[in-house]
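Protein chains in written order, with numbering that gives the first Met the number 0: chain S, 0 to 207; chain Z, 0 to 192; chain C, 0 to 233.
Treat the hints as calculated values from the structure; they're not laboratory data.
Don't take each hint at face value.
Stated by the list, open to error - For the chain C half of the interface with chain S, some residues (derived, Cβ under 8 angstroms), not all of them: (1) Val62; (2) Ile166; (3) Ile167.
Said to hold, decoys possible - In silico lysine-lysine, DSSO-like type, Cα no more than 27 angstroms apart, as pairs: (4) Lys132(Z) with Lys37(Z); (5) Lys200(C) with Lys168(Z); (6) Lys66(C) with Lys168(Z); (7) Lys37(Z) with Lys72(S); (8) Lys98(S) with Lys14(C); (9) Lys97(Z) with Lys196(C); (10) Lys98(S) with Lys121(C); (11) Lys2(S) with Lys88(C); (12) Lys4(S) with Lys200(C); (13) Lys168(Z) with Lys14(C); (14) Lys93(Z) with Lys96(C); (15) Lys197(C) with Lys16(S); (16) Lys93(Z) with Lys98(S); (17) Lys168(Z) with Lys35(Z); (18) Lys199(C) with Lys16(S); (19) Lys132(Z) with Lys199(C); (20) Lys197(C) with Lys168(Z); (21) Lys199(C) with Lys168(Z).
Just so you know, these numbers come straight off a predicted model, no measurement behind them.
From the three backbone atoms N, C-alpha and C, an ideal C-beta is built for every residue, glycine too.
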Amino acid sequence: MNKIKEFIRNNWSDIFKPVTVLLAICVIIPLALSLTNEITAARIENLAAESERETMSELIDADSFEPVSFDGKNGRFDFNIAKDADGKAVGYIFTTSEKGYGGEVSVMTAIDTDGNIKAVSVLDASNETPGLGQNVTKSGFYSQYSGLSGEISVVKSGADSENNEIDAVTGATISSRAVTAAVNRALQNFSEYSSETFKETEAASDEQ
Amino acid sequence: MSSTTIVSILIAGILTNNMVLSKFLGICPFLGVSKKTKTAFSMSIAVTLVMVISTAVTWPIYTYILYPDYTYLQTIVFILVIAAIVQFIEIVLKRYIKPIYNALGIYLPLITTNCAVLGITMLNITDELDFVKSLFNALGAGLGFMLAMLLFSGVRERLETSDISEFLKGLPVTLIAAAIVSLSFLGFAGIGG
Amino acid sequence: MNSKYISTFTNGLVKENPTLRLVLGTCPTLAVTTAAVNGIGMGVSATLVLICSNLVISLLRNVIPDKVRIPAFITIIAGFVSVVQMLVKAFLPSIDKSLGIFLPLIVVNCIILARAEMFASKNGPLLSVLDGLGMGLGFTAVLTVMGAIREFLGAGSIFSLPVTSEIIDPMIVFLLPPGGFFVFGILVAVSNAAAKKKGKKPVESLGCENCPSRNMCTRVQIGCEDAKEADADE
Chain S
0 MNKIKEFIRN NWSDIFKPVT VLLAICVIIP LALSLTNEIT AARIENLAAE SERETMSELI
60 DADSFEPVSF DGKNGRFDFN IAKDADGKAV GYIFTTSEKG YGGEVSVMTA IDTDGNIKAV
120 SVLDASNETP GLGQNVTKSG FYSQYSGLSG EISVVKSGAD SENNEIDAVT GATISSRAVT
180 AAVNRALQNF SEYSSETFKE TEAASDEQ
Chain Z
0 MSSTTIVSIL IAGILTNNMV LSKFLGICPF LGVSKKTKTA FSMSIAVTLV MVISTAVTWP
60 IYTYILYPDY TYLQTIVFIL VIAAIVQFIE IVLKRYIKPI YNALGIYLPL ITTNCAVLGI
120 TMLNITDELD FVKSLFNALG AGLGFMLAML LFSGVRERLE TSDISEFLKG LPVTLIAAAI
180 VSLSFLGFAG IGG
Chain C
0 MNSKYISTFT NGLVKENPTL RLVLGTCPTL AVTTAAVNGI GMGVSATLVL ICSNLVISLL
60 RNVIPDKVRI PAFITIIAGF VSVVQMLVKA FLPSIDKSLG IFLPLIVVNC IILARAEMFA
120 SKNGPLLSVL DGLGMGLGFT AVLTVMGAIR EFLGAGSIFS LPVTSEIIDP MIVFLLPPGG
180 FFVFGILVAV SNAAAKKKGK KPVESLGCEN CPSRNMCTRV QIGCEDAKEA DADE
């Protein structure tokens, strides 16, 4: 016992003090972090949910939104059903993302019950080039999607909405394509969901 | 995992999303250690090595330990892990591969506080890449760093002997040369996208 | 107030401005200054971390053994960066989005480690806080000015308020990476010219002379001298 004590005393400033101090710091700092996390985590989550709801209300006029999960062909996806005061579905809202120029571009698409796009909002394009790719967040670009349905394609200029075409943002074809791909995925998710559920309702009405 | 995905990840890292010239990571060594082509090359080899090894260690730590409950510890864990890895590489090289240690050893301590290394390990997480893609992404970023360093050191060797206006002499002209090199990289936009 | 405190505070603002005179923290300087508001966001976040880390490191300067001071400093700084990161996420989500990965990368911003090593570990808490505040504000000021210049030239607006964007097409290249290098180069040239007028040395290069790591690690110092000798040989 005395030997150990002596060993520690002899090597205190050389080995044990540095280790103790470093260990103490490595315990105290993560503790402080977990405390901050306790305080901020709930707020960060609320903030995200709140801003999602806000954007959804901007896209479509509805009284409530019901989150739904659906097993599609390419895996499970989540979306929201927008409902009016009577609880009748007035539209469907999908959040999808695709790889753009610098990273993921995420897009929220509202689709009405007939499968036409009601409105689109680009949620996050912060990894795209400022002044070029980030211009997809301007309404002049994403308002082009309203009213379209089916497979949408991107052209450099002179888009024909009859052919489901939209104009790319000048100098930012890749970012424009990413948004379009995300919107197309939303449309595809919608058609998968609707064909499945409409089958069910038809079957239900047959039985009656 | 197809070879085309790997190629497109590498091309993105080297040309279109070049670490230094379009993401602004690792500017300090880019401006500081690029005076001579030889030093620039050794530094980039060391950075690439540390990037790949760090990714190989931080990715599993994040995915299997930190996610989803302790993600707020990401910054602190990553920087400490990278610091430890750099120390470890240094010791191993010193003990077993002396020639490489002699060539790269002096750059290793600098790399701990190099934002390119911490940056790439974090980008792999935010871009939600899987393990193999992350490794190739780190390799591509390292090679991109090397390309930028080599090109720029060539430019700087020429700058040394040029007659430069008094106003721009020193760091300013280096930065403006960097602007022109990075302008040329804009031409790669769209490749492999 | 003692003049020593005032000069410590003003030191970082002009004489030893971390961005233009010491040329530290170039990565965030170039990366986030695509808009004036991003410059402020980055500057204020870094200032907060700088003040807190300077204070804590100054208080612990007699407790932390010399041997482990770098890992100890890095851990403390990383702790404060994570705290600031969570606060920004919770209260300023739009700033969090536009700073992206550069917010956690404050950890490796050499200004912070350099001030910890060169100032806070040698001075008392009050002086260290003032040093952090001065350096942080100097950093913030340059980032904001540079963000404003790039936003004005590249997007025709300042603080998102349109100035010339309605009249002429802005020069987008100033928002792209080359514009960052170019504007920073001109700013350093102007600051050099001003320094020369006052009889001070202009900033020649960002080599080992200005590298904060040089004083931290003797082996790097040897490395720098090696490189110099190699330069001399050829």
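Structure-based check of all given hints:
{"no.": "1", "hint": "Val62", "result": "6 angstroms, holds"}
{"no.": "2", "hint": "Ile166", "result": "17 angstroms, violated"}
{"no.": "3", "hint": "Ile167", "result": "14 angstroms, violated"}
{"no.": "4", "hint": "Lys132(Z) with Lys37(Z)", "result": "30 angstroms, violated"}
{"no.": "5", "hint": "Lys200(C) with Lys168(Z)", "result": "12 angstroms, holds"}
{"no.": "6", "hint": "Lys66(C) with Lys168(Z)", "result": "40 angstroms, violated"}
{"no.": "7", "hint": "Lys37(Z) with Lys72(S)", "result": "54 angstroms, violated"}
{"no.": "8", "hint": "Lys98(S) with Lys14(C)", "result": "45 angstroms, violated"}
{"no.": "9", "hint": "Lys97(Z) with Lys196(C)", "result": "50 angstroms, violated"}
{"no.": "10", "hint": "Lys98(S) with Lys121(C)", "result": "49 angstroms, violated"}
{"no.": "11", "hint": "Lys2(S) with Lys88(C)", "result": "53 angstroms, violated"}
{"no.": "12", "hint": "Lys4(S) with Lys200(C)", "result": "56 angstroms, violated"}
{"no.": "13", "hint": "Lys168(Z) with Lys14(C)", "result": "20 angstroms, holds"}
{"no.": "14", "hint": "Lys93(Z) with Lys96(C)", "result": "42 angstroms, violated"}
{"no.": "15", "hint": "Lys197(C) with Lys16(S)", "result": "48 angstroms, violated"}
{"no.": "16", "hint": "Lys93(Z) with Lys98(S)", "result": "42 angstroms, violated"}
{"no.": "17", "hint": "Lys168(Z) with Lys35(Z)", "result": "18 angstroms, holds"}
{"no.": "18", "hint": "Lys199(C) with Lys16(S)", "result": "44 angstroms, violated"}
{"no.": "19", "hint": "Lys132(Z) with Lys199(C)", "result": "50 angstroms, violated"}
{"no.": "20", "hint": "Lys197(C) with Lys168(Z)", "result": "17 angstroms, holds"}
{"no.": "21", "hint": "Lys199(C) with Lys168(Z)", "result": "15 angstroms, holds"}
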